[in-house]
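Chain order of the listed sequences is A and B.
Per numbering that gives the first Met the number 0: the first sequence = residues 0 to 286.
Per numbering that gives the first Met the number 0: the second sequence = residues 0 to 319.
Hints should not be assumed to be uniformly reliable.
[Unchecked claim] Under the rule of at most 27 angstroms between Cα atoms (straight-line distance), these lysine-lysine pairs were calculated in the BS3-like manner:
id, chain 1, residue 1, chain 2, residue 2
1, A, Lys161, B, Lys255
2, A, Lys100, B, Lys117
3, A, Lys162, A, Lys275
4, A, Lys162, B, Lys33
5, B, Lys117, A, Lys246
6, B, Lys255, A, Lys94
[To be verified] Residues from chain B that keep clear of chain A, each with C-beta distances beyond 12 angstroms, as calculated:
id, residue
7, Tyr2
8, Ile45
9, Phe78
10, Arg102
11, Glu169
12, Gln172
13, Arg234
14, Ile262
15, Phe308
16, Glu315
[Said to hold, decoys possible] Among the chain B residues that face chain A by a calculated CB cut under 8 angstroms, a handful are:
id, residue
17, Ala161
18, Glu168
19, Phe181
Because the hints were derived from the structure by calculation, they are not lab data.
Heads up, the beta-carbon is just placed ideally off N, CA and C, and yes, glycines get one too.
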Amino acid sequence: MGFFRKKEKEIKPHKQIDIQREIKKAEKDESLWIKCSSCQELLYRKEVERNLHVCPKCYYHFPVSTETRISLIFEKNSFVELYGKIRPVDFLKFKDTKPYKARLIETQESTKRLDAMVCGKGKIKDIEVYAAIFDFSFMGGSLGSVVGEKVTRILEDGTREKKPVLVFCASGGARMQEGIMSLMQMSKVSGAIYRLKSLGIPYITVLTDPTLGGVTASMGMLGDIIIAEPKAMIGFAGPRVIKDTIKEELPSGFQRAEFLLEHGMIDMILPRKELKQGIYRILSLIL
Amino acid sequence: MRYYLDFEKKLEQYERRLTEIKKFYDVNDPHYAKEVDSITRRIAKIEKEVYGELTNWQKSQISRHLNRPHTLDYINALFTDFTELHGDRRFKDDTALIGGFARFEGTGVAVIGHQKGKDVREMAYRNFGMAHPEGYRKALRVMDMADRWGKPIITFIDTPGAFPGIGAEERGQAEAIASCIFFMFSLNVPVITIVIGEGGSGGALAIGVGNRVLMLEHATYSVISPEGCAAILWRDGTKGPIAAEALKPTSDELLKLGVIDEIIKEPFGGAHRNWDVTFTNTKDTLSRNLKALMGIPGEELKKQRYEKFRNMGIFEEGKS
């Protein structure tokens, strides 16, 4: 042993991510500097953006906008959005701290989107695919009637046209403001996945930070091949709920992509800059 | 042991006295007969007060009433020859979700359901009806057998939700639930789901993809428990009563939304007030629905089930 002992590299536990706060942050934040939700480092926004929205310090993959996702995965100008006119309805007249209707209008204005889902048809190099992309900035990418309907239609398109379907998940789970109907979207989507899979058409899911609740427990974990982004939080119950239930501290790295890989729940972790190539390689191998 | 919810407490002393008289005295004695008569009338009057207009929150409480019949009670009352099967062949046997084969009016069927407990010991043993991934994998096993052997499947939903824990996540709670839902779309046999108590979230839906979804009058079925919803949206778990109003998890609302097909009438005040009536009503409804599905070919059942769930969702669509 030398005089200067090499200090064992300290593994910093990741901070528990508060979904509701993340949503609010994702919805407005426009400042020059951003704080990494994982390592708490203060980062220059431009630098993070240049780095494909990946923290240069700890490699945490920030949620990206659907536009960025599309430009990262699909060939330029190949993506055609479908079913863009479906809009949510406040059929329960739900009111929490704010009426759902008001919340919808507000979010629609700030995100310039009707709901938390963009779907369409596009090309990855020369392979044509159908894709559904969650928009986390719209009410935390929550799964409601609109999201469920759009994913189902894309799956039905894939089934009809015999083209692979990709789903990019980023969601806090079911949309409570739509009550039982949001739960029913899980079964609706799963039914459509059953039809797609029974025809032997590949279904691939990409789980990004965070993918939780009803989205994981339906379209997320049903992927033939499941890819995750590094350090993405993936799980069924949220960490806060688990902690409150079992009254214990959660192990470090719990519910992160690496944890799921270790437990055999996902096939691979691909960093954002290798994602397109990785998906292409898989598709070219199996088609 | 009879258990009274806060809003039912008014009934307690009268019902206690009534059982006491019936147990220790001769009710034919005119003195006691008179008292029995007056207490019975009194109870009927209070019942009207207590149960006349139940709020969603009260219904939520009734749906998880300790004296409410649970899955095994229904199995014992409605089925014969119940043969429970154990284990998921991967990790362990989950006591919160039971399954097996039984006979319903002479027909061999598969039965699957969440099982809650009646007392502290049983509640702990059943993990409060909150299943781990193993429970769903066992359910899948039973459904697979039923499908191959052409036996109808009857599922009973009664759970606060799938268990949120470290082990459950490690062993793929989300995957287990997703696979169960997915697999139910492949079944070529009739599937009837009955929500008998608390229908909580994905853990309930995992065995809820039925050709017919029936629901007890005072049962609830929701995306999240009122307390859970309150903890997230109001950041205050005690706001459950408000969340229950907002979530509208009651049978009449669900029928309106088309999520369930039929409501099974409960005795006045709820299933816990009279098990026999509850069982008779459930048996009649189940029998009628099963008969209606029995002759239908497998492919048609599958298609019917798909279309039923395919049509769920409320949205507007502009011209594109």
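**Item:** Minimum Cβ distance from Tyr2 of chain B to chain A greater than 12 angstroms, as the annotation requires
**Value:** 23 angstroms, holds
**Item:** 12 angstroms cut-off, C-beta based - Arg234 of chain B kept clear of every residue in chain A
**Value:** Violated: least Cβ distance 8 angstroms, not greater than 12 angstroms.
**Lys162 of chain A paired with Lys275 of chain A [C-alpha distance capped at 27 angstroms]** = 17 angstroms, holds
**Request:** Measuring Cβ to Cβ, find out whether Glu315 of chain B lies farther than 12 angstroms from everything in chain A.
**Result:** 5 angstroms, violated
**Message:** Confirm or reject: Ile45 of chain B is not an interface residue toward chain A, with every Cβ-Cβ distance exceeding 12 angstroms.
**Reply:** 32 angstroms, holds
**Asked** Keeping to a limit of 27 angstroms between CA atoms, is the pair of Lys255 of chain B and Lys94 of chain A held or broken?
**Response** 20 angstroms, holds
**Message:** Just to be careful: measuring from the Cβ of Phe181 of chain B to every Cβ in chain A, is the smallest value less than 8 angstroms?
**Reply:** With a minimum Cβ separation of about 5 angstroms from chain A (threshold 8 angstroms), the hint on Phe181 of chain B holds.
**Request:** Decide if the proposed pair is consistent with the structure: Lys161 of chain A and Lys255 of chain B, CA atoms, cutoff 27 angstroms inclusive.
**Result:** The hint is violated at about 36 angstroms.
**Assertion that Phe78 of chain B lies outside the chain A interface [Cβ separation over 12 angstroms]** = Holds, because the least Cβ-Cβ distance between Phe78 of chain B and chain A comes to about 26 angstroms, which exceeds 12 angstroms.
**Message:** Please check whether the beta-carbon of Glu169 of chain B is more than 12 angstroms away from every beta-carbon in chain A.
**Reply:** 5 angstroms, violated
**Message:** Next pair to validate is Lys117 of chain B with Lys246 of chain A; report whether the Cα-Cα distance is within 27 angstroms.
**Reply:** 24 angstroms, holds
**Prompt:** Can the restraint linking Lys162 of chain A and Lys33 of chain B be considered satisfied, given a maximum Cα separation of 27 angstroms?
**Reply:** 78 angstroms, violated
The structure fails to meet hints 1, 2, 4, 11, 12, 13, 15 and 16 from the earlier list, while all remaining hints are met.
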